[in-house]
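Enquirer: Listed below are the residues making up each chain.
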Amino acid sequence: MSILEVRGLNVWFDLPEGGQLHAVQGVDLSVERGDRLGLVGESGCGKTTAMLALMGLLPPNATVSGEILLDGVDILADGERSIRPHRWVDMAIVFQSAMNAFNPVQTIGRQIREPMELHGSARGAGARRRTRDLLEMVGIPASAAGRYPHELSGGMRQRAALAMALACEPRVLFADEPTTALDVMVQAQILQRLVELADEFGLALVMVTHDLPVVAQVCDRATVMYAGRMAEHGTVDALFHEPRHPYTRLLFASTPDLYGDDEVLSIPGSPPRLDQPLVGCPFAPRCPEAIELCAEQQPAWLPVGEGHLAACHLNTHVPEGAR
Amino acid sequence: MSLLEVRDLATRYPVRRGLADALRGHPRRFARAVDGISFDLEAGQMLALVGESGCGKTTTAQSLLRMVEPTSGSIRLEGRDITHLSQRQLRPLRRTMQMVYQDPYESLDPRFRARQTVEEPMLVHGLGGSRAQRRGMVTELLERVGLTPPELYAERYPHQMSGGQRQRLAIAASLVLSPRLLVTDEPVSMLDVSVRAGVLDLLDGLRRESTMGVLMITHDLSTAAHFADDIAVMYLGRIVERGPAREVVRNPRHPYTKALLSVVPPRDPRLRTRPRILQGEAPDPVNVPPGCRFAPRCPFATDACRAEDPVLDGVRGRPGHQVACLRAEELAATEHPEVLTT
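Note that the protein sequences, when read in sequence, are chains A and G. Here the first sequence stands for residues 1 to 323, numbered as in the working numbering. Here the second sequence stands for residues 1 to 342, numbered as in the working numbering.
Be aware that a few hints might be false.
Said to hold, decoys possible - Here are the simulated distance ranges between beta carbons: (1) G:Arg316 x A:Ser153: 36 to 44 Å; (2) A:His317 x G:Ala333: 55 to 63 Å; (3) A:Asn61 x G:Ser86: 48 to 56 Å; (4) G:Leu23 x A:Leu118: 40 to 48 Å; (5) A:Asp220 x G:Ala333: 33 to 41 Å; (6) A:Ser153 x G:His84: 30 to 38 Å; (7) A:His150 x G:Ala22: 36 to 44 Å; (8) G:Glu140 x A:Leu293: 46 to 54 Å; (9) A:Asn61 x G:Gly205: 37 to 45 Å; (10) G:Leu152 x A:Asn61: 31 to 39 Å; (11) A:Glu196 x G:Glu330: 31 to 39 Å; (12) A:His317 x G:Glu155: 36 to 44 Å.
What the hints assert, rightly or not - Partial pick of chain A residues on the chain G-facing surface, computed with a CB cut under 7 Å: (13) Val73; (14) Asp261; (15) Val264; (16) Leu265.
Stated by the list, open to error - Which bits of chain A does chain G cover? Going by a derived footprint, with three or more residues having C-beta under 8 Å, they are: (17) 140 to 148; (18) 157 to 167; (19) 236 to 244.
Hint data in this document are derived by calculation from the structure and do not stem from the laboratory. Beta carbons: idealized from backbone N, C-alpha and C, even for Gly.
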C-alpha cells in the first residue's frame, strides 16, 4: 500500500468578481516509501495548488474534492480540517522562499521546535537537542538556532526550512521549487542533501518544479501537468526519451541543455483560462500535432506503457495522412 | 575599435559602519563589487556575463550604463570615453545604451498602454518626428518583437499581457531609440520555460540584423551556452574566465568554471552527473582574500595561489579563450570532466 495516494483531486477557487477558477482538474498521485516523484509544469498549471491542497493549506475561498489516502485512510473525507493532525507529522513541506516560510521576529530554533511541541513529539530540553541535531543534519551549525531568519543567507534559510520540515519525522515531504531562488552551487548543495536525507529516512519526496533538468537529476518518476490536468506520467527516462504527449516533448525541447546542440524551441501561445470550462484537450490550441478531435473531446488518461500514462488523442487516433 | 571597451573597471560601495565604529576611528570599509575587470564587446556580439549572486555582474552592468559611479578604470563606447561624463553630458548618450530588466511585471508602467510604453522614450528624447511617424514606429516595433497583430497589442495594458509578451514589449521600448548597446539583466528568468526561447531568439535576431551589441547577465549557463557568442565568468568582482561560449562550456580551464558547469543538471536523466559541489558560499566582497580570490574554495589551490593574484591571460592554442588561474595549464593536462551514466 502506498503511503500517500491521491485520486481525482480537484480544486476550485471562488473569484471575488463571481465565478470559479478550476485550478486542479482531476489529479492522481501515488508515492511509496523512498519514492521521488516530480510534479512538473509551468506557472498556473496547478502543481503548487495541488500540493497545498494535500497539505490542507489552501485559502478559505478554495474548495477541494477527491480522495487523499494516507496509509489507505481518506483524510479528506471530513473536509480539509481532517488533514490538520497529519500536517507536519506525516506530511511536511519546504517552500520556494524560506524567507516567507519563517516568522521574521522569532529565532530559527524556536520555529523548528514549534511543530514538535505542538504535536507533542518532543518538549523542552529534548526539543532543543533535537533542533540542534536537525540543523547539523541539514548542514548548518547548531548555533544557528539562536539566529533570526534575516541573519542567514538564502541557502542557509532554505536548509533551516528543510530542518523545520523534518522536525516531526514526516514520511512524505513536499518540496515546492525548493531551490529555484538560489544560486546554482547552493542549489546543488541543497538538492544533494535533500536526496541524501530522503534516502536516509525513507521519505517519499514529491518535488514540485518547472525545472526539468532538476527533476531528471533528482526524481525517479514525474507527472507533467498542464492547465490543471495531468498530461503525462512516467519514469523520467521515459518522459525524456519516449514522451507520449506533445507538451512533454516540447517542454524538454524548450529547455536548453548545457552540452546539447539542438535548437531551443518555444511553444507559441499561452495556456487557457481556467475560469471557463475547458473543451477538448487544453493544449490543443498550442499543439503542433493537434487533430480535429483534440478541440472537441477531452483526451482520456490512458496507459501507454509500463507505468507510463498520458492524456493525448494521438496515442489512440493516428492522424489522417500519417497512416 | 570595439563597440564597448572596458578597462580595469572597479566599483566599490562604502559599507555602512555603526556609530561605535566611527567613534573608535575604525576606517571606512568598502565592498569591492567590481574589482578590476577588462573586456571588449563587438558590434553585433552577444556576451553573457555569468556568475552567482554577489559576483558583481549586475554592478558591472550598472557601472557601464553609469547608473552607479565607477571608482576607477575606463569605459569607452564606440571609442568615446564615457567614464567621467556628467549626467548632463550623458543624456544624449543614454539613447545608445539601453537596459532590459529581469522583471517585466515591475519594469513597465501599469498605467501605460503598450503603444505609450514604446512611444515614451521618443517623447523624452524629443525624437521620432510627427505624431503619425511615431505611431508608425510603434507599429513597426511591436511587429518586430512579435507582438502581432500590432493594432491589437498597441491598446493593451501590461496586466492584459502574459509575462513573455510583457518582456517583448519592454524590448520594443528599449529598441525605439536604436541603441548600440543593449544590456539585459536575467531577461528570461521570470518567464515560463516554454516562452523563454522566443524572447532569446528575438534578442539574437535583433543583434544580428542591427549590429547592436548585447550584454546578457545571467546565472543560467545553459542559456548562455546556447545564445551567446562569448561567455565571461565572474567570481567575487573579477572575470576569471572568458571565451567563445562553446569553448568555455566544453573546455573550461578555471576550477570555478568547472565546478559551476558540473552542477548544471543535464536534461537527459541517463546522463545524471556527479557534481563537484563547492562547499560554503562565496566570501563577501568586503573581505576579499589575498592572492587568488577563489583559492579558499578551490580544491587545487597551493601556497602560490594564496599569495599571487592571477591575471586574465590567453590560453595557449585556444584563440579568444582567457583564464585567470596560475595552475590552469598544469591542470588541463591531468583533468577530465566526470560524467556518470546511471
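Enquirer: Which earlier hints can't be squared with this structure?
Expert: 7, 8, 13, 14, 17 and 18
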